[in-house]
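Visitor: Starting from two chains that each stand alone, build the complex the way the hints lay out.
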Amino acid sequence: MIKLQGINKTYNNGAPLHVLKGLNLEIQTGEFAAIMGSSGSGKSTLLNIMGILDDYDSGDYYLNDVLIKDLSEKDSAVYRNKLIGFVFQSFNLVSFKNALENVALPLYYQGMKRSRRNKVAMEYLDRVGLAEWANHLPSELSGGQKQRVAIARSLVANPRIILADEPTGALDSQTSIEVMQLLQEVNRDGMTIVMVTHDPEMAAMSQKIIKIRDGIIGSIDHNHNGKA
Amino acid sequence: MFDLDSWQEIWITITRNKRRSLLTAFGVFWGIFMLVIMLGAGKGLSEGIASDTQGFSENSAFFYTNNTSEPYKGFRKGRYWEMHETDLDVLEAQIKDIKYTVPFLMGPSVNVAHSDKTTSCRTKGMSPLYEKMLPQHMLYGRYLNQIDVNERRKVCVVGRKVYEELFKANENPLGQYIKMFNINFQIIGIAEPTVSGVNINGRDDEVIAVPYTVLQQIYNSGDVVHLVGVVAQDNVRMSQLEDQVKTLLKTRHNISPTDEFAMESINIEKIFNRFKMLFTGISVLIWIVGLGTLLAGVVGVSNIIMVTVRERTKEIGVRRAIGAKPLAIMIQIIKESTTLTVLAGFFGLAFGVLILDLVDRFIVSNMTGDVFFKNPQIEFTSAVAAALVIILCGIMAGILPAYRALQIKAIDAIREED
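Taken in order, these protein sequences are the chains called A and B. Residue numbering for the first sequence follows our numbering, beginning at 1 and increasing consecutively. Residue numbering for the second sequence follows our numbering, beginning at 1 and increasing consecutively.
Because the hints were derived from the structure by calculation, they are not lab data. Do not rely on the hints blindly, as some may be mistaken.
Calculated lysine to any residue pairs in the SDA-like style (CA-CA distance at most 20 angstroms, straight line) [to be verified]:
1. B:LYS409 / A:LYS113
2. B:LYS154 / B:PHE181
3. A:LYS119 / A:LEU137
4. B:LYS325 / A:LEU71
5. A:LYS74 / B:ILE399
6. A:LYS113 / B:ASP5
With the rest of the complex left out, here is chain B (with noise of 0.2 angstroms):
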């Protein structure tokens, strides 16, 4: 049902003060445009921060050891104590919540000599399974496996920048021999973290790690490990487990169920949610803003129409003279603020999707290093919902100019004195 008339129409109304309905639809496009702008920003920040985190699993959290600040069963406070990997198995078999523990060494700061370089980085005692919590991206060879661990080898998997300290650029490091703790060890693979937002005890590309078991052996500690990382079940969320966990630890350690401090923990699932809580702040925040800014533009069309609808008295009471029906003028003021607002917000939809495309392409795709900034574009059912507002807006506008409108009696035609 096209109505050329109607459209004609709304043409001549909005084109015969062409200033004034520039600068008014100028106030809709910049709302729909700086939605657009944020909610292109908001995204890129909340993407940037994910792909800094994404592939850990996030269902984990770490727990550490502190001397204890509670006397308990007779053993006096601030007493030093340690975890054991008899710890971890006992873990594993009396939680069936939880997917699988990771034990962690943490080795001190070492120098390292491969030929006549050297350099001095931290050392990490690690497991195999940290691979499976946190993927590794190996630039050469392989991570550590559990044949490492088994038979104690003397073998390392160099972070990235420790790699391109001791070696020629583009040298292929694999079997080659690097000297710490006097001892020599094989390269197996240098790793780059995937995920540079999550670390611990320092990045992945800046540390060596060897199988726990050398450390262990090195420092002739036993089975003792220092971080024992908790992956829960898939089903199950790490919140619920974190103080299964610390209860069965303590129980085993004689630690005082009360004690805080002498058992902490990090859960990483509690970090995630919230920056998942932040984020989504974020989103409402702009949301809030950006409407608000788009209400400013919607005023300001609902009063241009009910301008026009002034000028247009005598018009609008000659046509209702002639048979126009109420319903008829108030779907016509409706449709011009409606055309007034739509246009002017999709030119503002699609002026602030080019905006940051040419963001993406020129600025954010050229930055290096750590990037906190990825993908600043808008979903594609944040631009629906942008343009089924835009469209609201423009019926919003239009009711009040359409009411006063229907105030204008075919009478008003007939009064000379107008």
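The following block holds chain A by itself, in its conformation from the complex (with noise of 0.2 angstroms):
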């Protein structure tokens, strides 16, 4: 699914800061990876590549067979609308649409009818349990509510992949177990998931663990507990 090869990645902000030096990784479809490191470590770089939100200096980025590189903006747009679901650390939500708005939003922009794309939207609310919360503003809801309105918002155009940064990093414990349960829940439907995290517990939640170690991979451990 997710193929990266001697990827590169330079900041020139001030003093060059080479974060990602020749990484390589492969992710297959249907795995739930966890990439963790310290800070600094390239992790949420590597993400953002992923994520086709940030460029890379060289190497090559395959994300389902195709090649990722040098898109334009519009393109790189139509990827991420088509292939990947986000799901933030700060959910993200457009606070003044209530939460079926909210999962509707990718598909207002492939520019789907607004019935069909609200009845689609209702499906996946329903998938999370929200469904009687439709009509609520994100300001309405409780930070577990909130992240699971923004699970939604990623499948609804049925992506590829899921990609994740941090998503029980606002949560407490309790909320945070719920919604690695409702992500492990996505991924045995068959859906590949990436997800960054500092937090061992919730990585452990994973079936892969991805390590990164100064821009390039340190370990990657299988995690047989993951799929339970």
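Guide: What follows is the structure, encoded as structure tokens:
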């Protein structure tokens, strides 16, 4: 599903910072991978590159067998919309839209008709157990509920992969586990998930723990408990 | 293609900070309002002046004589000379571009008596052609005609104000006699000029007009005329004829061709053109000032949209991340600025038109006397132009913020430190 070959990335803010140093990584379809690493190790940069949010200097990145390189803003928007679902640490719901409208947003950018996309969005909202909260604004939802809305939004366009950046970073431990269980459920239905986290407890709930150290892969541990 | 979500979003963005949006919108509102008011005032002024001169044969000039200022062909300088009726015939015969010529005689101020009332006023020796040149509004009777002139009838057309002094209100003066020059003149009409902006030897409602031949007879001055009015053919401009007329008259009276002083003229066309230029100037000025005011408002809108873009950095980033194309974001921002501008602008337009209408209805319509202000309204084309300007301004106001919004990358949504 994801294939990274010799990815290099240098930030040129003042002193050049070589973040990713020829990183190679492959993630198979249906995997639930957690990326860990100390701050500054390059794990967020890696996720940004995988999410086509950031470009890279050299190497090749294949997503769903498509080479993602030097795309225009427009094309990368289309790929993000069709191939990738994002889950953010701070949820990033649009504050003046209700839960249903938030979930439907990616479909809006696909140009789907209002009635149809609301119907689809409702199905996904139901799947994360928030059907009766459809007309509530994000400010009326708890943190866990917000993240579940965000997960529904990431799924609604039926992407090939979910990228989650510290999805439990803003949640208490009980809700974190609930959100992780939801992600596991989604994974069981066949979705590929890549998650960045610094919390070993959360990482332990995935199948594969990728540790980044100084811009390259430090170690990859297969975690057979992750499926539980 | 009505996109409910898009408009809902615009409405939410605008109403999220109501006071700020209102103050911003006021800038545009005021700009358009001022533009409309000024356009209306400009139109009122120009129509007011135009109605003062309407009906006058614009394509005309008046020629009059002075003592010569140069010696010529043995004549000394300072010679007194006069024009004659034959000059008019020669002008019409020799210059084909002349439509017709009108003779004028300036009469003296006289005391006029009717029964027990007297007054004094100026007299004019007129030709029926004068009415063709400058239409008269007849309150009673008719203007002079060619038979009056040919037969030297002792008839007169009395100006309205003179009539009011000599007669009781609403008294029919037709056929009655007034006495001046120790002669009884029969009244054939009461006149009021339709045009108050152009006067030849006194306002037509303050004088008594008699056939010019009668004045010639009274003063035993032969066929002398004091003033010659020349009306050019419709396809010729008076300015082109002016010098021809002068040259011909000078040649006939042995005046030096270079003597500008002896033969002078008032070119009505030039005066009208000067007015027209003045009003063109005023209207250009109005647009410049109006658009300037509007521009200030538009800059305000641009500024506020810029601020909302800044406030929404994260939201726009999220939208980019979940698949909004750059064009979609750009259109949304421009729609926002256009909506705000157009709403405010159209309110300004409507309010301006309302105020103009009220002014017209309650103030201008009740003005009496010499009205120099008439129909202070804006023309439909001006209103359409203003509306187009508003829409254009709205789009312009959005361009810079939209460009700014395009700079926001999806990655900005991820950066948690913001």
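Visitor: Are the hints correct? Go through all of them and say.
Guide: Verification of the supplied hints:
{"no.": "1", "hint": "B:LYS409 / A:LYS113", "in the structure": "26 angstroms, violated"}
{"no.": "2", "hint": "B:LYS154 / B:PHE181", "in the structure": "11 angstroms, holds"}
{"no.": "3", "hint": "A:LYS119 / A:LEU137", "in the structure": "18 angstroms, holds"}
{"no.": "4", "hint": "B:LYS325 / A:LEU71", "in the structure": "13 angstroms, holds"}
{"no.": "5", "hint": "A:LYS74 / B:ILE399", "in the structure": "19 angstroms, holds"}
{"no.": "6", "hint": "A:LYS113 / B:ASP5", "in the structure": "11 angstroms, holds"}
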